[in-house]
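Asks: Please put together the full structure from these sequences, using the hints given.
Here's the letter readout for the chains.
Protein chains: 2
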Amino acid sequence: MADIELYLVRHGLAGERGTYANDDDRPLTDEGKKKTKQVAKQLHQFGLQFDLMLTSPLVRARQTADILMDVGLAEQLEEFEALGHGGELQTWLEWFDTWKSTGKTLALVGHEPDLTTWTERLVWGKAEEKLILKKAGVIGLLLPTEVSPVANSQLFWLSPPRFLIS
Amino acid sequence: MADIELYLVRHGLAGERGTYANDDDRPLTDEGKKKTKQVAKQLHQFGLQFDLMLTSPLVRARQTADILMDVGLAEQLEEFEALGHGGELQTWLEWFDTWKSTGKTLALVGHEPDLTTWTERLVWGKAEEKLILKKAGVIGLLLPTEVSPVANSQLFWLSPPRFLIS
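Quick note, the sequences are listed as chains G and A, same order. Heads up, the first sequence is in the working numbering, so the first residue is 1 and it goes up one at a time. Heads up, the second sequence is in the working numbering, so the first residue is 1 and it goes up one at a time.
Everything labelled a hint here was simulated from the structure, so no lab data went into it. Don't take each hint at face value.
Same chains, same label: a pair holds when it works inside one copy or across any pair of copies.
Think about it this way: if two alpha-carbon atoms lie no more than 25 angstroms apart in a straight line, the pair counts; the simulated DSS-like pairs of lysine-lysine are [claimed, not checked]:
no., residue 1, residue 2
1, LYS100, LYS34
2, LYS41, LYS134
3, LYS134, LYS34
4, LYS130, LYS37
5, LYS41, LYS126
6, LYS104, LYS41
7, LYS134, LYS37
8, LYS130, LYS104
9, LYS130, LYS41
10, LYS130, LYS100
11, LYS37, LYS100
12, LYS130, LYS34
13, LYS100, LYS126
14, LYS33, LYS126
15, LYS33, LYS134
In this text the structure is predicted, and so the values were computed from the model without any measurement.
Replies: Below is the structure:
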């Protein structure tokens, strides 16, 4: 079975911490929406197409995922609890193990430091905070399907939005 | 002292192995030149500007470096022997230690698997072949200047040409 392409997208620029009673409700700023739309259009222009997109249920991530859906980047969008609030990679790995036979390209929309922590564990087996993922930035990984993806995946893309929007 | 931005660029598509008596002489193909020019223009459009570019002396790397120079990406270009023929990171580290006080942004043009091996050692301390760097692809690292960059650097960019040329 061929590798799975996994794309991880960090939510765009959001309102400042402390301005909302519940931090989960912080929405994207106007600038955050604008830049996320530019990134979304660029990803679409690169020919990317995801079989499925999973998003953190938090407002700023969900809005980011909706913007990515609006340009037609994925067939389907689902909220995935473990992508919010420092969720466990293990939870996602169990889900992935059942999903991997059904698609080839998958996107996750979430938060830092979770996205780079998950990436480092998938690629090197442990997280050392060596990756810098800006808001509205993107990571691309190749995940094997015959063995556990932990410590067995490869990194082929990591980009801040400034190197996506020309 | 602030971090140094280090960009590593792999040479573009070159003629097939075995078609030249000396493999060092293999030049870029027409398609390799064209794509490398497109990447060079895009890097320039992103506002990148290197204080210095070091290149492997092998023809396909030197041609790649010349194309990057032609669009005005660097002030200065020098050949650096250790970037060709599986050169030692240690040789470059000794050079870097004396150079780092004189500039802020540096680019290296070279070959695989050396560029990802050097990157993995700078970021994680050891090379595990977990990074995929395509021909005419780019890596961006932040190197500390107060301590050894080995196992202390951060990765902020890794891109194949297909995600640079829109």
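Asks: Run every hint past the structure and note whether it holds.
Replies: Hint by hint, here is what the structure shows:
1. LYS100 / LYS34: neither (33 angstroms within a copy, 37 angstroms between copies)
2. LYS41 / LYS134: both (18 angstroms within a copy, 23 angstroms between copies)
3. LYS134 / LYS34: within (15 angstroms within a copy, 30 angstroms between copies)
4. LYS130 / LYS37: For LYS130 and LYS37, neither the intra-copy (27 angstroms) nor the inter-copy (31 angstroms) Cα distance is at most 25 angstroms.
5. LYS41 / LYS126: Neither way: LYS41 and LYS126 sit 33 angstroms apart in one copy and 37 angstroms across, limit 25 angstroms.
6. LYS104 / LYS41: within (21 angstroms within a copy, 32 angstroms between copies)
7. LYS134 / LYS37: within (15 angstroms within a copy, 27 angstroms between copies)
8. LYS130 / LYS104: between (27 angstroms within a copy, 20 angstroms between copies)
9. LYS130 / LYS41: neither (28 angstroms within a copy, 29 angstroms between copies)
10. LYS130 / LYS100: between (28 angstroms within a copy, 21 angstroms between copies)
11. LYS37 / LYS100: Cα proximity of LYS37 and LYS100: none, with 28 angstroms in one copy and 38 angstroms across.
12. LYS130 / LYS34: neither (28 angstroms within a copy, 34 angstroms between copies)
13. LYS100 / LYS126: within (22 angstroms within a copy, 30 angstroms between copies)
14. LYS33 / LYS126: neither (33 angstroms within a copy, 39 angstroms between copies)
15. LYS33 / LYS134: within (15 angstroms within a copy, 31 angstroms between copies)
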